[in-house]
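Novice: We have chain A; now place chain B onto it with these hints.
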Amino acid sequence: MSLDPSFVGRTYPPTAPYQVGREKIREFAGAIGATDPAHHDPEAARALGHSDVVAPPTFPVIITMAASSQIIEDPALGVDYSRVVHGDQRFAYTRPVVAGDELVCTNTIEDVSTRGGHGFLTTRTDVSTVGGDPVVSVWAKYVVRGEA
Amino acid sequence: MELPAQTFRVTRADLVRYAGASGDFNPIHWSDRVATKVGLPGVIAHGMFTMALVGRAITEWAGAPDAVVEYGVRFTRPVVVPDDDQGTEIEVTARVREVTEDGLTRIDVTAVCGGEKVLSQARATIRSTR
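Residue numbers (the working numbering), protein chains in the order written: chain A, 128 to 275; chain B, 2 to 131.
Isolated chain B (complex conformation):
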């Protein structure tokens, strides 16, 4: 079963805010100068920010903020965030792989930015809602 797609817009302001909230101040997430120096096309989103947005999608699908039992991803491509008002967009889709007898739902998640998958092996297990 396919779950309804969810789209998240990401701007530079979001990255600055996430840096402050998470404590991850790596300059590749806010300085083009540093990002390009280490060979990136420009400032990229924190992998953990992308994972957090996908986590939001998962709790939305689950219908409960506390239903995630397990959640893992592999970061395969950077999410490049241009310094403009539009930023970029991450589209998140998922498919139910299995519903276990003890009420757990396993889903496979796909996150795409600019036509490319930015995560692989993105999987979550959620408890059925009350």
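Chain A with its partners taken away, still in its complex shape:
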């Protein structure tokens, strides 16, 4: 799978705002067995200084994975999604995501390479509020497996 290196540095238009719901945070926390009251009870979250329930650390992937389809499905880049393997994932937080946040994602292609017949793609998604305040930056590295 050969990927075009001229895509390095390309930034895509911001995605439509994602409204973080209290019940979505509770559902996600429940699905991973995270029982800390701050994920479920707004009062417990307020006691820690947050305006509403706090999302677990990997919650932003719900938003960024949907947003990164902008890149993965960009016909000009031409990634074959059925050959994509998730390699690395990293989050750097300015603050935790909380219920009530309205978040937009800006995707950038940080690196593209081809080695041993496989394509490698590193994306960065900067997640910020609609007002432009940074919340979390999320990096993902994908391997696009070559034809056997």
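It should be emphasised that the hints constitute simulated quantities derived from the structure, not laboratory data.
There may be inaccurate statements among the hints.
[Claimed, not checked] Just a sample of chain A residues kept apart from chain B, beta carbon distances all over 12 Å, derived: (1) D131; (2) P132; (3) A143; (4) P144; (5) Q197; (6) A203; (7) G205; (8) E229; (9) L230; (10) V231; (11) T235; (12) T241; (13) H245; (14) V257.
[Unchecked claim] Listed next, the in silico SDA-like pairs over lysine to any residue satisfying Cα-Cα at most 20 Å (straight line): (15) A:K268 x B:R75; (16) B:K38 x A:D207; (17) B:K38 x A:H213; (18) B:K38 x A:V211; (19) B:K118 x B:R98; (20) A:K268 x A:Y139; (21) A:K151 x A:D168; (22) A:K268 x A:R217; (23) B:K38 x A:E274; (24) A:K151 x B:A20; (25) A:K268 x A:T233; (26) B:K38 x A:G273; (27) A:K268 x A:R242; (28) A:K151 x B:A14; (29) B:K118 x A:G214; (30) B:K38 x A:V270; (31) B:K118 x B:L41; (32) A:K268 x B:E71; (33) A:K268 x A:R137; (34) A:K268 x B:Q122; (35) A:K268 x A:S196; (36) B:K38 x B:V81; (37) B:K38 x A:V212; (38) A:K268 x B:D25; (39) A:K151 x A:T256; (40) A:K268 x A:S240.
Glycine included, each C-beta is placed from N, C-alpha and C at the ideal position.
Specialist: What follows is chain B alone, placed relative to chain A:
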């Protein structure tokens, strides 16, 4: 310093629930037919589910649900989840690598399933608790 080990049991039901909560409906996480067709031994856990469980361990060690400043992993081996009541088990351990002057603790994390490491370069930075 070693942090106390934490163990997480993972069953098929957990994968279905995570798929719904996260929106990741890739059939390799719920269909043996599809998983084996693409060369996997069977249904595997979402990498992001494993990362979420390890994230739980990290917030537990941190003593606060909002203390993680940075968290990254590399997915090296799939977590195969059999279709039975026991499922499988992921054991998570960690070692404190550094405590910085400005109150950040950097830890190196190990996640093992069936005797094999399923993550590499798993690292987190946490703020010291209040």
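Novice: Each hint should be assessed against the structure and marked as holding or not.
Specialist: Verification of the supplied hints:
no. : hint            : in the structure
1   : D131            : holds, 25 Å
2   : P132            : holds, 22 Å
3   : A143            : holds, 15 Å
4   : P144            : holds, 17 Å
5   : Q197            : holds, 16 Å
6   : A203            : holds, 24 Å
7   : G205            : holds, 20 Å
8   : E229            : holds, 18 Å
9   : L230            : holds, 15 Å
10  : V231            : holds, 18 Å
11  : T235            : holds, 17 Å
12  : T241            : holds, 19 Å
13  : H245            : holds, 15 Å
14  : V257            : holds, 21 Å
15  : A:K268 x B:R75  : holds, 9 Å
16  : B:K38 x A:D207  : holds, 17 Å
17  : B:K38 x A:H213  : holds, 18 Å
18  : B:K38 x A:V211  : holds, 15 Å
19  : B:K118 x B:R98  : holds, 19 Å
20  : A:K268 x A:Y139 : holds, 17 Å
21  : A:K151 x A:D168 : holds, 13 Å
22  : A:K268 x A:R217 : holds, 9 Å
23  : B:K38 x A:E274  : holds, 15 Å
24  : A:K151 x B:A20  : holds, 13 Å
25  : A:K268 x A:T233 : holds, 16 Å
26  : B:K38 x A:G273  : holds, 17 Å
27  : A:K268 x A:R242 : holds, 14 Å
28  : A:K151 x B:A14  : holds, 19 Å
29  : B:K118 x A:G214 : holds, 15 Å
30  : B:K38 x A:V270  : holds, 19 Å
31  : B:K118 x B:L41  : holds, 17 Å
32  : A:K268 x B:E71  : holds, 16 Å
33  : A:K268 x A:R137 : holds, 16 Å
34  : A:K268 x B:Q122 : holds, 13 Å
35  : A:K268 x A:S196 : holds, 14 Å
36  : B:K38 x B:V81   : holds, 15 Å
37  : B:K38 x A:V212  : holds, 15 Å
38  : A:K268 x B:D25  : holds, 17 Å
39  : A:K151 x A:T256 : holds, 18 Å
40  : A:K268 x A:S240 : holds, 11 Å
When the structure is compared with the earlier hints, no violation turns up for any of them.
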